[in-house]
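Visitor: For reference, the chains in residue letters:
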Amino acid sequence: MSTTKELWVFAEQREGKIAGVVQELLSQGQILADKAGFTLAAVLPSADGAGLCQELYNFGAKKVYTIDDPKLADYQNDYYSRAVAQLINEKKPEIVLYGATTIGRSLAPTVAVMVDAGLTADCTELDFDVEAGNLLQTRPAFGGNIMATIICPDHRPQMSTVRSNVFKKTKLSDREAGEQIPYEVDLSGVPERMRRLESVHEADNNSIDLNAAQFIVSGGRGVGKPENFKVIYDLASELGAAVGASRATVDAGWISHHHQVGQTGKTVCPVIYIACGISGAIQHLAGMQSSDMIIAINKDPDAPIFDIADYGLIGDLHQIVPEFQKQIAAAKAS
Amino acid sequence: MNIVVCIKQVPDSDKVTIDRETNRLNRAGVPSIINPFDENALEMALQLKDLHGGKVIVISMGPSQADEALRTALSHGADEAILVSDRKFGGADTWATSYTLSLAIKKIEGVDLVLFGKQAIDGDTAQVGPGVAHFLDIPMLTYAKAVEVTGDTFKVDKVTEDGYEIWDIDKPAALTVVKEANQLRMPSLKKKMAAKKAEIPCWGVEELQPVEENIGLAGSPTKVSKVFAPPVKLNKEILSGEPSEMIAELIKKLKEQHVL
Ligand SMILES: Cc1cc2nc3c(=O)[nH]c(=O)nc-3n(C[C@H](O)[C@H](O)[C@H](O)COP(=O)(O)OP(=O)(O)OC[C@H]3O[C@@H](n4cnc5c(N)ncnc54)[C@H](O)[C@@H]3O)c2cc1C
Ligand SMILES: Cc1cc2nc3c(=O)[nH]c(=O)nc-3n(C[C@H](O)[C@H](O)[C@H](O)COP(=O)(O)OP(=O)(O)OC[C@H]3O[C@@H](n4cnc5c(N)ncnc54)[C@H](O)[C@@H]3O)c2cc1C
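Respectively, the protein sequence lines represent chains A and B.
Just so we're aligned: 90 in the working numbering is position 90 of the first sequence, and the numbers increase by one with no gaps anywhere.
Just so we're aligned: 1033 in the working numbering is position 33 of the second sequence, and the numbers increase by one with no gaps anywhere.
Heads up, a few of these hints could be off.
Here are some chain B residues the structure puts well away from chain A; computed CB gaps all over 12 Å [stated by the list, open to error]:
#1 Lys1049
#2 Glu1068
#3 Ala1126
#4 Lys1155
#5 Glu1161
#6 Glu1207
List of simulated lysine-lysine pairs, BS3-like, C-alpha gap at most 27 Å [as the list claims (entries may be wrong)]:
#7 A:Lys299 - B:Lys1252
#8 B:Lys1236 - A:Lys71
#9 A:Lys299 - A:Lys17
#10 A:Lys332 - B:Lys1223
#11 B:Lys1179 - A:Lys266
#12 B:Lys1255 - A:Lys332
#13 B:Lys1155 - A:Lys91
#14 A:Lys332 - B:Lys1252
#15 A:Lys299 - B:Lys1226
#16 A:Lys169 - B:Lys1155
#17 B:Lys1196 - A:Lys168
#18 A:Lys171 - B:Lys1255
#19 B:Lys1049 - A:Lys168
#20 B:Lys1252 - A:Lys92
#21 B:Lys1106 - A:Lys5
#22 A:Lys326 - B:Lys1049
#23 A:Lys230 - B:Lys1106
#24 A:Lys326 - B:Lys1088
#25 A:Lys266 - B:Lys1236
#26 A:Lys225 - B:Lys1171
#27 B:Lys1179 - A:Lys169
#28 A:Lys168 - B:Lys1145
#29 B:Lys1252 - A:Lys230
#30 B:Lys1171 - A:Lys169
#31 B:Lys1255 - A:Lys168
#32 A:Lys168 - B:Lys1155
#33 B:Lys1226 - A:Lys71
#34 B:Lys1196 - A:Lys299
#35 B:Lys1155 - A:Lys35
#36 A:Lys35 - B:Lys1236
#37 B:Lys1252 - A:Lys71
#38 A:Lys171 - A:Lys299
#39 B:Lys1049 - B:Lys1088
#40 A:Lys299 - B:Lys1253
Hint data in this document are derived by calculation from the structure and do not stem from the laboratory.
The C-beta atom is built at its ideal place from N, Cα and C for all residues, glycine as well.
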């Protein structure tokens, strides 16, 4: 198996904007590449990638493989998987990392079977075993009840999708430009089997994406009634946080299902997760327990949410949450 | 219209724990259920059948007990069930699972649509749907919440991070289905009785004729090297008292840790 000693990051872009998780992957990719002695590179399929390269250099990419084609402007599974798989087959990198976004989690599993590679899903930790040459890919399974470290000893590339917010972004100051390597893919032979007709961004009070949010403030049944979600929104906007919710509140129609966190909602991994009036059912925990820090506000000292909280505040959320907002605002002003 | 629904039998996840001494899963006595997301895929198939006729075929790869999950699906209204089972399929990762399931689906004639759950609640990878679709060489969309038949194509609403997209996708197609799509109808008593007696064919290596190095453990590029319990929180702090004091204390700590 002869490979190029490169570690690649899939540079996901939407409407010409690089996804935040890409910066995180480049930063962690740099650490792994240094350890392994590999070169860090990014792969950028888009309509016209030249203008996006500098941002990738700024986070450590030495090379950017740009694949330009009008068909790659927006994500389409057939075109993207063909383009990325062809590049992988030709250059044979050692490692390819993808963000575990809706796009990454469609593309990566398709590419994995195309290039005959293993794929570890939704990783929260990555390390490199220098002796064996293996990427150590750690991920939660069984709804977060267990962790597993996965390796891929006999196949290359080693590929993973990786959650947002688990790795810190490190922007390098004064980075000089890396090398842009334009790569041609002929997509004319790929049949056009699906077409995107419309893309709707639901303008919600809270336009911050839960998956990418650094901070999340979530409300549960303890909020009491739909109007009371206002205190949650107010704290969230003070913190620049996204708003989450338990299923009980979604089922009651207090908030839209886009906000639901948990086994049957979104899996999130923010720097701080603030659970307000949420009891901590296992299905809720499944979606948020790998958050860096968990703050729980609940009036019941025996609520299971306190078992996984770093900070537990016992009391009435209707008093505590507005107070929290007030003091944050004051701290910002001073 | 013929629809294949892939269903996985999974342990009821809130009851699976890990033995902190041995790092093994405590699975004894844990009931098995149909993967909750696969119920939504099944309901989507049943609704399409209600509107357009045809057949709903459920298929599951797993040990012989997976037969139970298939019978449950029949009691909810699926027409036929196929068990994909062979010792040699054991230990499959998503690559080998996708390959094996695709061979089974290829044996079924006239398939217009293949449905999957969004992800399985045990393995949690969400990788099998896209993998199968590639082996079948059919177009695929993930996170579908609604589908309509429009002549030779399907119109699909797909959930994204901040809203949804509407796609037009050629038949035959594959979709992975999210929870919001629907809720599985109740089983009927009559179908329950029939499901008990239904003949469920079992397809193994003999029936599917796989390339042997592509199945089971040997066909799996990923290996689980270690399983362990998630780390426990050590420095937990519980605050109580006056809200203003609690919050002042909390903010102080957050600042000390540089998270604010
Ligand atoms: C298959 C399945 C999938 C599921 N998926 C999900 C999922 O994805 N996400 C999810 O969240 N749930 C999910 N659930 C539901 C889950 O089991 C719980 O029912 C749900 O999480 C409970 O929501 P809650 O914590 O808001 O409500 P409750 O359990 O009713 O808790 C309310 C809490 O608020 C506290 N409280 C009340 N008033 C106040 C106050 N004034 N101040 C402070 N605290 C107060 C109470 O002490 C209590 O702890 C699922 C269930 C099943 C069976
Ligand atoms: C702790 C642990 C971690 C693992 N991590 C990985 C990993 O990172 N990468 C990897 O490749 N494998 C991994 N595996 C193996 C993986 O769980 C199995 O390959 C499994 O058979 C399919 O993956 P899944 O459960 O994630 O299903 P998913 O891909 O999440 O399932 C999606 C849908 O595919 C269908 N489906 C899945 N399995 C079947 C089936 N057997 N029969 C019928 N339909 C099915 C269902 O519709 C399901 O809703 C792991 C296993 C364990 C125990």
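Visitor: Taking the hints in turn, state whether each one holds.
Guide: Now for the hints, and whether the structure bears them out:
1. Residue placement check: lysine 1049 (chain B) keeps its beta carbon more than 12 Å from all beta carbons of chain A (closest about 23 Å).
2. Every CB of chain A is more than 12 Å from the CB of glutamate 1068 (chain B) (nearest about 20 Å), matching its label as outside the interface.
3. With 12 Å as the threshold on Cβ separation, the claim that alanine 1126 (chain B) sits away from chain A is violated: the shortest Cβ distance comes to roughly 5 Å.
4. For lysine 1155 (chain B), the shortest C-beta to C-beta distance to chain A comes to about 8 Å, within the 12 Å cut-off, and the non-interface label is violated.
5. Listed as outside the interface, glutamate 1161 (chain B) is inconsistent with that label: its C-beta sits roughly 5 Å from the nearest C-beta of chain A, within the 12 Å cut-off.
6. Remark: the non-interface label on glutamate 1207 (chain B) is consistent with the geometry, its nearest Cβ contact in chain A lying 22 Å away (cut-off 12 Å).
7. Of the pairs offered as hints, the one joining lysine 299 (chain A) and lysine 1252 (chain B) holds, with about 22 Å between alpha carbons and a cut-off of 27 Å not exceeded.
8. For the suggested pair lysine 1236 (chain B) and lysine 71 (chain A), the alpha carbons sit about 51 Å apart, so the restraint of at most 27 Å is broken.
9. Of the pairs offered as hints, the one joining lysine 299 (chain A) and lysine 17 (chain A) is violated, with about 43 Å between alpha carbons and a cut-off of 27 Å exceeded.
10. Under the criterion of a C-alpha separation no larger than 27 Å, the hint pairing lysine 332 (chain A) with lysine 1223 (chain B) is inconsistent with the structure, at around 49 Å.
11. For the hint linking lysine 1179 (chain B) to lysine 266 (chain A), the alpha-carbon distance of about 11 Å falls within 27 Å, and the restraint holds.
12. Between lysine 1255 (chain B) and lysine 332 (chain A) the alpha-carbon distance is near 12 Å, which keeps this suggested pair within the 27 Å criterion.
13. Among the hinted pairs, lysine 1155 (chain B) with lysine 91 (chain A) is inconsistent with the structure: their alpha-carbon atoms are about 37 Å apart, more than 27 Å.
14. Note on lysine 332 (chain A) and lysine 1252 (chain B): the hinted pairing holds, with a Cα-Cα distance of about 13 Å set against a maximum of 27 Å.
15. About 39 Å separates the Cα atoms of lysine 299 (chain A) and lysine 1226 (chain B), which puts this hinted pair outside 27 Å; it is violated.
16. For the given pair, lysine 169 (chain A) sits about 39 Å from lysine 1155 (chain B) by alpha-carbon distance, which is inconsistent with the 27 Å threshold.
17. Between the alpha carbons of lysine 1196 (chain B) and lysine 168 (chain A) the distance comes to roughly 54 Å, so the proposed pair goes past 27 Å and is violated.
18. With a C-alpha separation of about 23 Å, the suggested pairing of lysine 171 (chain A) with lysine 1255 (chain B) holds against the 27 Å cut-off.
19. Using a Cα cut-off of 27 Å, the hinted pair lysine 1049 (chain B) and lysine 168 (chain A) is violated, with the two alpha carbons roughly 48 Å apart.
20. Proximity of lysine 1252 (chain B) to lysine 92 (chain A) is assessed by CA-CA distance (about 50 Å); at most 27 Å being required, the pair is judged violated.
21. Between lysine 1106 (chain B) and lysine 5 (chain A) the alpha-carbon distance is near 38 Å, which puts this suggested pair outside the 27 Å criterion.
22. For the given pair, lysine 326 (chain A) sits about 55 Å from lysine 1049 (chain B) by alpha-carbon distance, which is inconsistent with the 27 Å threshold.
23. Taking the CA atoms of lysine 230 (chain A) and lysine 1106 (chain B), the gap is about 53 Å. The hint is violated against a cut of 27 Å.
24. A C-alpha spacing of about 62 Å is found between lysine 326 (chain A) and lysine 1088 (chain B), which places the hinted pair above 27 Å, so the restraint is violated.
25. For the hint linking lysine 266 (chain A) to lysine 1236 (chain B), the alpha-carbon distance of about 25 Å falls within 27 Å, and the restraint holds.
26. Between lysine 225 (chain A) and lysine 1171 (chain B) the CA atoms are separated by roughly 45 Å; this puts the pair beyond 27 Å, and the hint is violated.
27. Note on lysine 1179 (chain B) and lysine 169 (chain A): the hinted pairing is violated, with a Cα-Cα distance of about 33 Å set against a maximum of 27 Å.
28. Simply put, lysine 168 (chain A) and lysine 1145 (chain B) have alpha-carbon atoms about 33 Å apart, too far for the 27 Å limit, and the pair is violated.
29. Distance hint between lysine 1252 (chain B) and lysine 230 (chain A) is fulfilled; the C-alpha atoms sit about 25 Å from each other, no more than 27 Å.
30. At most 27 Å may separate the alpha-carbon atoms for a hinted pair to count; lysine 1171 (chain B) and lysine 169 (chain A) exceed this at roughly 42 Å.
31. Taking the CA atoms of lysine 1255 (chain B) and lysine 168 (chain A), the gap is near 18 Å; set against the 27 Å cutoff, the hint holds.
32. For the suggested pair lysine 168 (chain A) and lysine 1155 (chain B), the alpha carbons sit about 39 Å apart, so the restraint of at most 27 Å is broken.
33. Simply put, lysine 1226 (chain B) and lysine 71 (chain A) have alpha-carbon atoms about 41 Å apart, too far for the 27 Å limit, and the pair is violated.
34. For the proposed pair lysine 1196 (chain B) and lysine 299 (chain A), the alpha carbon gap of about 48 Å is over 27 Å, so the pair is violated.
35. This hinted pair does not check out: lysine 1155 (chain B) and lysine 35 (chain A) have alpha carbons roughly 47 Å apart, beyond 27 Å.
36. Distance restraint check for lysine 35 (chain A) and lysine 1236 (chain B): the Cα-Cα separation of roughly 34 Å exceeds the 27 Å cut-off, and the hinted pair is therefore not satisfied.
37. With a C-alpha separation of about 51 Å, the suggested pairing of lysine 1252 (chain B) with lysine 71 (chain A) is violated against the 27 Å cut-off.
38. Taken as a hint, the lysine 171 (chain A) and lysine 299 (chain A) pair is broken in the structure, with Cα atoms around 42 Å apart against an allowance of 27 Å.
39. For the hint pairing lysine 1049 (chain B) with lysine 1088 (chain B), the CA-to-CA distance comes to about 34 Å; that exceeds 27 Å, so the pair is violated.
40. With a C-alpha separation of about 21 Å, the suggested pair lysine 299 (chain A) and lysine 1253 (chain B) falls inside the 27 Å cut-off, and the hint holds.
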